[in-house]
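Colleague: Sequence:
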Amino acid sequence: MNIVLPGLDENAFCRLYDNCREDLYRYAYYKLGSREEAEDAVQDCVLEAWRGLSGLRRVEAFRGWIFKILAASCNRRIRGIIKEREKKDAVRQQEMPVAESAGEQAERNLALGQALAQLTEEERDIVLLSAVAGLTSAQIAEQTGLQPGSVRSKLSRSLARMRKHLT
Numbered sequence: 005m006n007i008v009l010p011g012l013d014e015n016a017f018c019r020l021y022d023n024c025r026e027d028l029y030r031y032a033y034y035k036l037g038s039r040e041e042a043e044d045a046v047q048d049c050v051l052e053a054w055r056g057l058s059g060l061r062r063v064e065a066f067r068g069w070i071f072k073i074l075a076a077s078c079n080r081r082i083r084g085i086i087k088e089r090e091k092k093d094a095v096r097q098q099e100m101p102v103a104e105s106a107g108e109q110a111e112r113n114l115a116l117g118q119a120l121a122q123l124t125e126e127e128r129d130i131v132l133l134s135a136v137a138g139l140t141s142a143q144i145a146e147q148t149g150l151q152p153g154s155v156r157s158k159l160s161r162s163l164a165r166m167r168k169h170l171t
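Using the numbering used here, the first residue of the sequence shown is number 5, and each one after it goes up by one.
Hints may be right or wrong, so weigh each one.
Unchecked claim - Below, in silico cross-link-like pairs of lysine to aspartate or glutamate (DMTMM-like), each with a Cα-Cα straight-line distance of 25 Å or less:
hint: 1; residue 1: 91; residue 2: 44
hint: 2; residue 1: 91; residue 2: 127
hint: 3; residue 1: 72; residue 2: 43
hint: 4; residue 1: 72; residue 2: 48
hint: 5; residue 1: 72; residue 2: 27
hint: 6; residue 1: 72; residue 2: 26
hint: 7; residue 1: 168; residue 2: 126
hint: 8; residue 1: 91; residue 2: 41
hint: 9; residue 1: 87; residue 2: 26
hint: 10; residue 1: 91; residue 2: 40
hint: 11; residue 1: 87; residue 2: 40
hint: 12; residue 1: 91; residue 2: 26
hint: 13; residue 1: 72; residue 2: 52
hint: 14; residue 1: 92; residue 2: 26
hint: 15; residue 1: 168; residue 2: 127
hint: 16; residue 1: 92; residue 2: 44
hint: 17; residue 1: 91; residue 2: 52
hint: 18; residue 1: 72; residue 2: 13
hint: 19; residue 1: 87; residue 2: 127
hint: 20; residue 1: 72; residue 2: 125
hint: 21; residue 1: 91; residue 2: 125
hint: 22; residue 1: 92; residue 2: 52
hint: 23; residue 1: 92; residue 2: 43
hint: 24; residue 1: 92; residue 2: 127
hint: 25; residue 1: 72; residue 2: 14
These aren't lab readings, by the way, just hints derived from the structure by calculation. Note that the structure is predicted; figures quoted are calculated from it, not measured.
Based on the sequences and whatever the hints tell you, model everything.
Modeller: Laid out in structure tokens, this is it:
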């Protein structure tokens with residue numbers, strides 16, 4: 005492996021990962037809504053980060069870099085989940101065209117999950133990258149392509165909407 009940063013060996017990588025391990029899991033859990041999916045997404049992220057370590061230019065950028073990898077991993081999982089649901093729905097509609105019961109429609113029971121669900125995907129990502137990952141508005145702006153000021157205002161509006169939903 006051609007590692008750009010001298011001294012960034014397996015032990016150094018593990019220490020960097022250990023500093024953000026819980027936040028990575030928490031981000032994935034809130035994004036995916038499932039413990040198992042979150043664990044799998046973080047595992048995929050860490051493997052991808054280790055394999056792509058040569059892409060890291062500065063040790064200080066590790067946290068933002070690995071969260072960017074995790075966000076992509078979560079998005080891939082979400083697309084996979086949606087495809088599976090669509091397949092199951094298509095089969096279910098062919099087998100019995102009866103409407104689903106109210107119990108089958110109830111998916112989320114956590115207040116925070118419901119509050120997050122009120123946000124757009126972009127808003128949810130900004131909130132999670134800020135609150136869970138602890139990234140600055142500049143780091144979030146780098147990942148999302150927005151200006152830091154736009155990130156701050158979207159974060160503020162999103163948190164206000166969540167507070168209103170939770171009260």
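Colleague: Hint by hint, note whether the structure agrees.
Modeller: Comparing the hints with the structure gives:
Annotation: proposed proximity of residue 91 to residue 44 holds, straight-line Cα distance about 22 Å (limit 25 Å). Under the criterion of a C-alpha separation no larger than 25 Å, the hint pairing residue 91 with residue 127 is inconsistent with the structure, at around 28 Å. For the given pair, residue 72 sits about 16 Å from residue 43 by alpha-carbon distance, which is consistent with the 25 Å threshold. A C-alpha spacing of about 13 Å is found between residue 72 and residue 48, which places the hinted pair at or below 25 Å, so the restraint holds.
Under the criterion of a C-alpha separation no larger than 25 Å, the hint pairing residue 72 with residue 27 is consistent with the structure, at around 13 Å. Our distance criterion of 25 Å between C-alpha atoms is met by residue 72 and residue 26, whose separation comes to about 16 Å. Taking the CA atoms of residue 168 and residue 126, the gap is near 19 Å; set against the 25 Å cutoff, the hint holds. Taking the CA atoms of residue 91 and residue 41, the gap is about 19 Å. The hint holds against a cut of 25 Å.
With a C-alpha separation of about 29 Å, the suggested pairing of residue 87 with residue 26 is violated against the 25 Å cut-off. This hinted pair checks out: residue 91 and residue 40 have alpha carbons roughly 21 Å apart, not beyond 25 Å. Note on residue 87 and residue 40: the hinted pairing holds, with a Cα-Cα distance of about 18 Å set against a maximum of 25 Å. At most 25 Å may separate the alpha-carbon atoms for a hinted pair to count; residue 91 and residue 26 exceed this at roughly 33 Å.
Between residue 72 and residue 52 the alpha-carbon distance is near 11 Å, which keeps this suggested pair within the 25 Å criterion. Taking the CA atoms of residue 92 and residue 26, the gap is near 33 Å; set against the 25 Å cutoff, the hint is violated. Using a Cα cut-off of 25 Å, the hinted pair residue 168 and residue 127 holds, with the two alpha carbons roughly 15 Å apart. Between residue 92 and residue 44, the direct Cα distance comes to roughly 22 Å. Compliance with the 25 Å bound is thereby established for this hinted pair.
A threshold of 25 Å between alpha carbons decides the hint, and for residue 91 with residue 52 the separation of about 28 Å lies outside it, so the pair is violated. For the hint pairing residue 72 with residue 13, the CA-to-CA distance comes to about 21 Å; that is within 25 Å, so the pair holds. A hinted pair counts as satisfied when its Cα atoms are at most 25 Å apart, and residue 87 with residue 127 qualifies at roughly 23 Å. Pair hint residue 72 plus residue 125 holds up; C-alpha atoms about 15 Å apart against a cutoff of 25 Å.
Our distance criterion of 25 Å between C-alpha atoms is met by residue 91 and residue 125, whose separation comes to about 23 Å. For the hint pairing residue 92 with residue 52, the CA-to-CA distance comes to about 30 Å; that exceeds 25 Å, so the pair is violated. Among the hinted pairs, residue 92 with residue 43 is consistent with the structure: their alpha-carbon atoms are about 24 Å apart, no more than 25 Å. Restraint check for residue 92 and residue 127: not satisfied, since their Cα atoms lie roughly 29 Å apart, outside the 25 Å limit.
Taking the CA atoms of residue 72 and residue 14, the gap is about 20 Å. The hint holds against a cut of 25 Å.
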